[in-house]
Amino acid sequence: MDVKVAIQQLRLSFGKKEVLKGIDLDIVKNRIYGLMGPSASGKSTLISVINKMISFEDGVTMSGSVLLDGEDIINGDIDEVSLRKRIGTVFATPTPLPRSIFENVAFGPRLNNSTSRAELHALVEQSLRKSFLWDEVKDRLQESAMKLSGGQQQRLCLARTLALNPEIILLDEPCSGLDPISTAKIEEALAELKDQHTIILVSNNTKQIARATDFVAFFYLGELIEFGATDKVFTTPAVRMTEEYIQGKFG
Amino acid sequence: MVSAFSSLLFLFIIFAFILGEGLPLFYKVGAGKIIFGFTWAPTKGFFGIFPMIISSYMVTLGALIFGAPLALGCATYLSEYASRKMKMFLKPALELLAGIPSVVYGFLGVVYVVPLIREYLGGPGFSILATSVVLGIMILPTIISISFDSLMSVPQTYREASVAMGATKWQTIYKVVLPAAQSGILASFILGMGRAVGETMAVIMVAGNALRIPMSLLDPLRTLTSNIALELAYAAGDHRSALFSTGVVLLIIIMLLNFIANFWVKRKVAG
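If you read the protein sequences in the order shown, they are chains A and B. So for the first sequence, the working numbering puts the first residue at 481; every next one is plus one. So for the second sequence, the working numbering puts the first residue at 62; every next one is plus one.
It should be emphasised that the hints constitute simulated quantities derived from the structure, not laboratory data. Hints are supplied without guarantee of correctness; some may be wrong.
Derived pair list, reagent style BS3-like, types lysine-lysine, alpha-carbon separation capped at 30 Å [what the hints assert, rightly or not]:
| hint | chain 1 | residue 1 | chain 2 | residue 2 |
| --- | --- | --- | --- | --- |
| 1 | A | K618 | B | K148 |
| 2 | B | K148 | A | K497 |
| 3 | A | K627 | B | K236 |
| 4 | A | K674 | A | K565 |
| 5 | A | K496 | B | K327 |
| 6 | A | K674 | A | K532 |
| 7 | A | K496 | A | K509 |
| 8 | A | K610 | B | K327 |
| 9 | B | K148 | B | K89 |
| 10 | A | K627 | B | K327 |
| 11 | B | K146 | A | K497 |
| 12 | A | K674 | A | K496 |
Covered stretches of chain A (in silico footprint by chain B; criterion: 3 or more residues with CB under 8 Å from a CB of chain B, positions within the stretch not fixed) [unchecked claim]:
| hint | stretch |
| --- | --- |
| 13 | 605 to 616 |
| 14 | 637 to 646 |
| 15 | 693 to 702 |
| 16 | 713 to 726 |
We put the beta carbon where it would ideally sit given N, CA and C, even for glycine.
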């Protein structure tokens, strides 16, 4: 199996508060990984280590390593900007930019200035198709993205990420504010995307994790409690705490 | 309640007063002859203030050209780069800049800017250039604080989204943050212009107060405000009314600028 991201003994503290307590996790290429756990379990922090958004926070200390294709992105001198072109992120709340639908998707590719107009149009259409939004917006690409519904905005954010053709897609509770139909569309999109991308999905919704992921990691207060194939973890969890979380006894 | 209405009352009184004193001359001489007249010789019956209107616009524009880029750069630095500590230090410093009396700016202009221009660029030194530089500095606090507020009100999510798509900090600023704050920034420019048009003391000190349309950046000039301040002390009769007419024109220009600024800010809230 082809390891895309190798997290090794990762520890992270905000000031004196340790939020990741020695995480070991291998992320294999072209699979969907679910990170679940109650709030403050460190799953979103882990995401922000992988896309290096963590460097915008103050007072962070880290140890251990995160290897992307064997290259250490914590200790090595990797360029954060080009890293984020390889690792796309979709946030919990939809964050469209205040411009047209087309411009939102074209934003990333335009930063490189290398694509022609025709290529750009093709890329925008392709990205919107992949995120199951094309049919709803194809006639109004020049309208403001702010006019879309929450579910559409979130799929637009996914399309925007896809337009950069990232190797890894991080989704930080992408469906937390969405209705079931929008959620289903996003899950449907993810299932098709894993052929070309490695996907990490953070979610508080255990049902979503069960439906949409191949592997699942259960976090609790900064520790990785259990990791395994999603089928196995959800049918026969090895740790009692995982079982109780899945059954909804806490969280 | 009472004090709120009293300010409204004062506004109304000022309006009534200026219009009451200034408007009759417009009827008597003709608005065209005042606004587009080239000759200002109020004791001989010539009340043309066109050169002053042009001069006022020129120095206002000049002030914007000098002040706006600097102010916008400063506001951008403050909101996007400065640490919390730096912000806490710089913001009060800026407010202090706004609190310096205009005569001090004028004084510094006369002592430093005017001789520099005279020595290195020629002309009398008292000029559009000198006035623009001094006014440009004076409008900094206005532009900085309003555009800073509008930059700070750009949602953090815009910045995060942009950075997550592989934009550099600088690309994020000029492609996302500045356009999002655009209307507030434009409004700050307009309010800065309003401040520049209305400034009197510093302008009198560095403008040279010549009564003609300045043909080069190094020519002296007289603005609408200077005209009123310089002559009101000894003016009588129609001459005095003509100064009020100058005031009417000035009032209209400033009202217009404020109106435009408000319009922009409102559009931002709406959209």
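ask   = Does the structure keep K148 (chain B) and K89 (chain B) at a Cα separation of 30 Å or less?
value = Violated. K148 (chain B) to K89 (chain B) sits at ~55 Å, over the 30 Å cutoff.
key: Hinted pair K496 (chain A) and K509 (chain A), Cα distance within 30 Å   = 34 Å, violated
ask   = Within a Cα-Cα threshold of 30 Å, do K496 (chain A) and K327 (chain B) meet the stated pairing?
value = 45 Å, violated
task = Starting from K674 (chain A), check that the Cα of K496 (chain A) is at most 30 Å away, please.
result = 38 Å, violated
query = For the stretch 637 to 646 of chain A, does the count of residues with a C-beta closer than 8 Å to a C-beta of chain B reach 3?
reply = holds (count 4)
request  = Would you mind confirming whether the straight-line C-alpha gap from K627 (chain A) to K236 (chain B) stays at or under 30 Å?
outcome  = Measuring from Cα to Cα gives roughly 20 Å; hence the hint holds.
ask   = Is the straight-line distance between the alpha-carbon of K148 (chain B) and that of K497 (chain A) 30 Å or less?
value = OK: K148 (chain B) and K497 (chain A) at ~27 Å, within 30 Å.
message = Hint check: K627 (chain A) vs K327 (chain B), CA-CA at most 30 Å. Holds or violated?
response = 19 Å, holds
message = With the threshold set at 30 Å, check whether the alpha-carbon distance from K146 (chain B) to K497 (chain A) stays at or below it.
response = Holds, at roughly 23 Å.
inquiry  = Can you confirm whether the C-alpha distance between K610 (chain A) and K327 (chain B) stays at or below 30 Å?
reply    = 38 Å, violated
inquiry  = Just to make sure I understand the rule, a stretch counts as covered if three or more of its residues have a C-beta closer than 8 Å to a C-beta of the chain. Does the stretch 693 to 702 of chain A meet that for chain B?
reply    = Coverage by chain B is violated for the stretch 693 to 702 of chain A (0 residues, Cβ < 8 Å).
key: Within 8 Å of chain B's CB atoms, at least three CB atoms from the stretch 713 to 726 of chain A: coverage verdict   = violated (count 0)
Of the numbered hints listed earlier, those contradicted by the structure are 1, 5, 7, 8, 9, 12, 13, 15 and 16.
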